[in-house]
Amino acid sequence: MSVNLKILRYSPKEGKRYDTFEVPYQRWTTVLDALLYVKAYVDHSLALRYSCRMASCGSCGMLINGKPRLACYTKISELNSNEIICEPLPNFPIIRDLATNFDRFFTNHKNMMPYIINEKTDRKMDDIHREFIQKPDEVEKYLQFSYCIKCGLCYAACPTTAMDKEFPGPQALAQMYRYMIDSRDQASRKRLEIIDNRHGIWRCHFAGSCSNVCPKGVDPALGIQLLRSYLLGFSKKGEEKAVLYISSH
Amino acid sequence: MRESNIMKIHYITGISAIILVAIHIMFRLIMPYGASLEYENVIANYKNLPYTIVLELVLVTVAIHGFNGLRIILIELRQGRVWEKSMTWLCIIGAASIIAYGTRTIILASLTGEV
Numbered sequence: 001m002s003v004n005l006k007i008l009r010y011s012p013k014e015g016k017r018y019d020t021f022e023v024p025y026q027r028w029t030t031v032l033d034a035l036l037y038v039k040a041y042v043d044h045s046l047a048l049r050y051s052c053r054m055a056s057c058g059s060c061g062m063l064i065n066g067k068p069r070l071a072c073y074t075k076i077s078e079l080n081s082n083e084i085i086c087e088p089l090p091n092f093p094i095i096r097d098l099a100t101n102f103d104r105f106f107t108n109h110k111n112m113m114p115y116i117i118n119e120k121t122d123r124k125m126d127d128i129h130r131e132f133i134q135k136p137d138e139v140e141k142y143l144q145f146s147y148c149i150k151c152g153l154c155y156a157a158c159p160t161t162a163m164d165k166e167f168p169g170p171q172a173l174a175q176m177y178r179y180m181i182d183s184r185d186q187a188s189r190k191r192l193e194i195i196d197n198r199h200g201i202w203r204c205h206f207a208g209s210c211s212n213v214c215p216k217g218v219d220p221a222l223g224i225q226l227l228r229s230y231l232l233g234f235s236k237k238g239e240e241k242a243v244l245y246i247s248s249h
Numbered sequence: 001m002r003e004s005n006i007m008k009i010h011y012i013t014g015i016s017a018i019i020l021v022a023i024h025i026m027f028r029l030i031m032p033y034g035a036s037l038e039y040e041n042v043i044a045n046y047k048n049l050p051y052t053i054v055l056e057l058v059l060v061t062v063a064i065h066g067f068n069g070l071r072i073i074l075i076e077l078r079q080g081r082v083w084e085k086s087m088t089w090l091c092i093i094g095a096a097s098i099i100a101y102g103t104r105t106i107i108l109a110s111l112t113g114e115v
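Heads up: the protein sequence lines correspond to chains Z and H, in order.
Every letter in the first sequence is one number past the one before it in the numbering used here, and letter 72, counting from 1, is 72.
Every letter in the second sequence is one number past the one before it in the numbering used here, and letter 105, counting from 1, is 105.
Please keep in mind that the hints were generated in silico from the structure rather than gathered at the bench.
These numbers come from a predicted model, not from an experiment.
Warning: the hint list may mix true and false statements.
Unchecked claim - Part of the chain H face toward chain Z, derived, beta carbon under 10 Å: (1) Glu3; (2) Ser4; (3) Met7; (4) His10; (5) Tyr11; (6) Ile25; (7) Arg28; (8) Ile75; (9) Ser86; (10) Arg104; (11) Thr105; (12) Glu114.
Yeah, the Cβ is synthetic: ideal placement off N, Cα and C, and Gly gets one too.
Kindly generate the complete structure, drawing on both the sequences and the hints.
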């Protein structure tokens, strides 16, 4: 069996063009396998980003037959097409071929302060072991959002991100919810202030395409709507805090 | 003003507008629909205080909701401090002008029976 792999090629000097390669495949061959076949045996100059090959690192995101997907997580056989079109992720500047620049995406992520802020913990190395104890229902509130691998598929699928370059995007907003709702975190108000601006959370149109393309089952659209309910005053973060457990070694 | 407060106003005016427009349309049901739209009856409505209050509220809520929606569309189309400030003020002035002109019309029709 073989399939035609049509790849968008780009370089700053030559601009954009499509190259088509005939690639043999088996039932279990992924799009990433096919691209690596092209790179190994046909055209060494093909540029793409990949690492783990098991949908854990989030490096090989690209537009496959018009939908943002992970190349390592998409089997050729499941696409039911004789031609597979691979293009770089939309809403990201292209570096070369299928490799895109994630600088803005990671900056947006960092702006959300993706870490626990709590005065009771410090970073000093001492003999005291500190640990917060959380109940299962407290973990349940943020667990699905912690599965995010920062692959950028939601950002590529988001119609608001396509128009508004200052919009943080669904990934960053979902991570904001993940840390805001964490019972160990004490910076809810500060976090909400970050996204409560002209280009913040209110620009989400609730198209839901972010949740539709997420390969890890995260629902960023849900996180965004829940964050909105906190900003509108419909929801309040519970008073119940995680218990700090301290023990000496 | 915080964007969350602006959006609260946006949602409240949107929901209010739906209710008020529904009440406004129901005013047509007090007589045959065709007759309710005849000139004399329309002018007579302006002499009815509850009707004019509903009409004024429809005007205010729709203008605020509509122009804020326009502001949102415009700042999504293009970004930049000057553009955003200009569009925000343009929408505020637009809403204020519509409300002022509409209020003038309602008051004139209510007092003199002419617009």
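How the hints compare with the structure:
1. For the restraint placing H/Glu3 at the interface with chain Z, the shortest Cβ-Cβ distance is roughly 5 Å, inside the 10 Å limit, so the hint holds.
2. With a cut of 10 Å, the hint placing H/Ser4 at the interface with chain Z holds, because the nearest CB-to-CB distance is about 4 Å.
3. Using the Cβ-Cβ criterion of 10 Å, the hint placing H/Met7 at the interface with chain Z is satisfied: the shortest such distance is roughly 5 Å.
4. Using the Cβ-Cβ criterion of 10 Å, the hint placing H/His10 at the interface with chain Z is satisfied: the shortest such distance is roughly 9 Å.
5. About 8 Å separates the beta-carbon of H/Tyr11 from the nearest beta-carbon of chain Z, less than 10 Å, and the hint is met.
6. Given hint, H/Ile25 at the interface with chain Z, is violated; its Cβ is 28 Å from that chain's nearest Cβ, farther than 10 Å.
7. Residue-level restraint check for H/Arg28 is violated (minimum Cβ-Cβ distance to chain Z is 34 Å; threshold 10 Å).
8. Because the closest C-beta pair between H/Ile75 and chain Z is about 6 Å apart, less than 10 Å, the hint holds.
9. A least Cβ separation of about 13 Å between H/Ser86 and chain Z goes past the 10 Å threshold, and the interface hint is therefore violated.
10. Hint on H/Arg104 is violated. Least Cβ distance to chain Z is approximately 32 Å, over the 10 Å limit.
11. At a threshold of 10 Å, the smallest CB-CB gap from H/Thr105 to chain Z is about 33 Å, leaving the interface hint violated.
12. Proximity of H/Glu114 to chain Z is violated relative to the hint, the smallest CB-CB distance being about 43 Å (cut-off 10 Å).
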